[in-house]
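There are 2 protein chains.
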Amino acid sequence: MSDTKFDALCIGNAICDVFAHVEEDFLVQESLVKGSMRLIDTDEALRLYDKMGQTVRISGGSAGNTAAGIASLGGKPAYFGKVAKDELGDAYAHDMTATGVHFATPPLVNDIPTARSMILITPDGERTMNTYLGACTKFGPTDVDPDVVAASAVTYMEGYLWDPEEAKKAFLAAAHIAHKNGRKVAITLSDSFCVDRYRSEFHDMIRNGTVDLVFANEHELKSLYETADIETAISAARESGALTALTLGSEGAMAITRDEQIKVKAEKVDNVVDLTGAGDLFAAGFLFGLARSYDHQAACELGCLCAANVISHVGARPEKRLSTIAEQAGFEV
Amino acid sequence: MSDTKFDALCIGNAICDVFAHVEEDFLVQESLVKGSMRLIDTDEALRLYDKMGQTVRISGGSAGNTAAGIASLGGKPAYFGKVAKDELGDAYAHDMTATGVHFATPPLVNDIPTARSMILITPDGERTMNTYLGACTKFGPTDVDPDVVAASAVTYMEGYLWDPEEAKKAFLAAAHIAHKNGRKVAITLSDSFCVDRYRSEFHDMIRNGTVDLVFANEHELKSLYETADIETAISAARESGALTALTLGSEGAMAITRDEQIKVKAEKVDNVVDLTGAGDLFAAGFLFGLARSYDHQAACELGCLCAANVISHVGARPEKRLSTIAEQAGFEV
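Keeping their order, the protein sequence lines are chains A and B.
Sequential numbering from 792 applies to the first sequence in this note's numbering.
Sequential numbering from 792 applies to the second sequence in this note's numbering.
Chain A extracted, bound-state conformation:
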């Protein structure tokens, strides 16, 4: 096994988030399910964009946010994801590199544009995502640099990678390389609709050991195990053989293995502005903790601290240095 050069390699759909504040009415008029992510085509992307009012544009993508979070904690993350050679793509690469993420996936030239997700924020802070995948549909196995996978303590991937066909193959190729080099593989279930789309494949991967670590929120875990009861879902997770990191919103988070079930409380947040990125930043804290040999309890606590930070402003990436915030809270970073 070679030396660990990266604390985590994050692989995901490289997406620019386009935020707008809307009233509850807007979701009703557009027949959108609050809190969901849906995939849209070019026509729908243009139509919705025209209707959504003043926007704010921030680099996003679930695993990209996690990589930025790990960098902000002072860790060493790498990222694979496909942008186009356009302004949004250039900004995406800038934001990655400028925050200290190793990002070397070559951009797509003269083809479809960089992906964007139109995120509608309602007054309760919930976000409803409308994603045009663009260049992400061209991410495939050839974008998986085996040296980076081999040099990363864990390879962390989005369930959303199941949406573009070639990205799914890249996911499996990366998992194979990681295990061949004695590394761990993690998946985040992304959202409950994503779980609906790929439930049996996610099950298979957990059962056959393709993934060692599963990140999920309550809705996703219940969807995965097809139950309305969270305790039943937790029992199933315990029996699955994987380590499950479960986020519970304002209730905190849990780490679940066959032998252990740990629960930590959420950090108090006075002013929840935008829930975007809560799960992504929890994963950043948890993965950073594991890379620093924290026990599961401390890793959960750091995850909750990072999640609390990101929901107190618009956007899914840290605004302040998380290493400072973690140090002030008593973590060794």
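In case anyone wonders, no lab produced these hints; they're calculated from the structure.
Treat the hints with caution; some may be incorrect.
What the hints assert, rightly or not - With a cut-off of at most 25 Å between alpha-carbon atoms, the simulated DMTMM-like pairs for lysine to aspartate or glutamate come out as follows: (1) A:876 x B:834; (2) A:1111 x A:1061; (3) B:1111 x A:915; (4) A:1111 x B:814; (5) A:842 x B:877; (6) B:1111 x A:995; (7) A:876 x B:877; (8) B:867 x A:814; (9) B:1111 x A:902; (10) A:1111 x B:832; (11) B:876 x A:1061; (12) A:876 x B:832; (13) A:796 x B:877; (14) B:867 x A:841; (15) B:876 x A:835; (16) B:876 x A:834; (17) A:876 x B:814; (18) A:867 x B:814; (19) B:796 x A:1061; (20) A:929 x B:877.
Given chain A's structure and the hints, the job is docking chain B onto it.
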């Protein structure tokens, strides 16, 4: 005099704001004067961008922010400003149109890119701006649509328009058309460095009646009248013949004419996040108030309410509908 179709026509440099949070140290290392706006060339723009970390991108430009604010109050604003036919420019036009601003300046094609201002936010909420003017340097008198000027109750322009040579000519042409049609002309002094650059020309315009209404903050008014004493500056403003709307930060604002001197208190803000746009949104409230025949006191109060709203989040444009906020505060909008 034809009917008033627009409450205000705002003319300014159409700029995309690129925000990043930095520590105080960063300004010291870069020898930047906190709170200032400096103009930079392409090389410096690229160099600084590489160093500034994770960014957030929002359409900005002082007069553009004011136009968006008037629209958010339920008013009818128009805007003139030059973007390029590129992604930033398209986003700029979208944000204007989507918020209800009449924006019909043709974009620049196959030339220099849309302007951007790299805004460094320090932990105290102050912002230091580094502006690459790009397409704004191509805004000129031919972009001034006389029908729109004639149909606007007031034409409001940035002092910053003095920076690109052709824009200055456009400013004077617009002022001439406005007065010929019995309309008012307003200027914002933009920043104290801008006043330093063009003091005598600004003086001349106020003295000879090219402008009827002057927006300034404390630093700008002191710079205009070359005094360190605000009372001396206020006396000079009183004698100038123009209506001066003076913002005083946490102290509130004043309306000053030869016959009248009114002071209103600032709205209390619990959590100042980013001072960008405070002056622009004060102007939005004040201009909207004048268009609705408010007296100077009420116009100042609405200006302060709008300013308080914009400094409680990142970015210089309203996130929530200002008409709702103004109504809740008892204004008739």
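Tested hints:
1. Annotation: proposed proximity of residue 876 (chain A) to residue 834 (chain B) holds, straight-line Cα distance about 20 Å (limit 25 Å).
2. Proximity of residue 1111 (chain A) to residue 1061 (chain A) is assessed by CA-CA distance (about 17 Å); at most 25 Å being required, the pair is judged to hold.
3. Taking the CA atoms of residue 1111 (chain B) and residue 915 (chain A), the gap is about 13 Å. The hint holds against a cut of 25 Å.
4. In summary, the hint linking residue 1111 (chain A) to residue 814 (chain B) is supported, as the alpha carbons are separated by about 9 Å, within the 25 Å threshold.
5. The straight-line distance between the Cα atoms of residue 842 (chain A) and residue 877 (chain B) is roughly 20 Å, inside the 25 Å bound, and the hint therefore holds.
6. Pair hint residue 1111 (chain B) plus residue 995 (chain A) does not hold up; C-alpha atoms about 45 Å apart against a cutoff of 25 Å.
7. Only pairs whose Cα atoms come within 25 Å are accepted, and residue 876 (chain A) paired with residue 877 (chain B) is accepted, the gap being roughly 13 Å.
8. A distance of roughly 21 Å separates the Cα atoms of residue 867 (chain B) and residue 814 (chain A); the hinted pair therefore holds under the 25 Å criterion.
9. Restraint check for residue 1111 (chain B) and residue 902 (chain A): the C-alpha separation of about 37 Å exceeds 25 Å, so the hint is violated.
10. Note on residue 1111 (chain A) and residue 832 (chain B): the hinted pairing is violated, with a Cα-Cα distance of about 28 Å set against a maximum of 25 Å.
11. For the suggested pair residue 876 (chain B) and residue 1061 (chain A), the alpha carbons sit about 42 Å apart, so the restraint of at most 25 Å is broken.
12. Distance hint between residue 876 (chain A) and residue 832 (chain B) is fulfilled; the C-alpha atoms sit about 23 Å from each other, no more than 25 Å.
13. Restraint check for residue 796 (chain A) and residue 877 (chain B): the C-alpha separation of about 38 Å exceeds 25 Å, so the hint is violated.
14. With a C-alpha separation of about 19 Å, the suggested pair residue 867 (chain B) and residue 841 (chain A) falls inside the 25 Å cut-off, and the hint holds.
15. This hinted pair checks out: residue 876 (chain B) and residue 835 (chain A) have alpha carbons roughly 22 Å apart, not beyond 25 Å.
16. Between residue 876 (chain B) and residue 834 (chain A) the CA atoms are separated by roughly 20 Å; this keeps the pair inside 25 Å, and the hint holds.
17. For the suggested pair residue 876 (chain A) and residue 814 (chain B), the alpha carbons sit about 31 Å apart, so the restraint of at most 25 Å is broken.
18. Proximity of residue 867 (chain A) to residue 814 (chain B) is assessed by CA-CA distance (about 21 Å); at most 25 Å being required, the pair is judged to hold.
19. A distance of roughly 44 Å separates the Cα atoms of residue 796 (chain B) and residue 1061 (chain A); the hinted pair therefore is violated under the 25 Å criterion.
20. Taken as a hint, the residue 929 (chain A) and residue 877 (chain B) pair is honoured in the structure, with Cα atoms around 23 Å apart against an allowance of 25 Å.
Checked against the numbered hints given earlier, this structure breaks hints 6, 9, 10, 11, 13, 17, 19; the rest are met.
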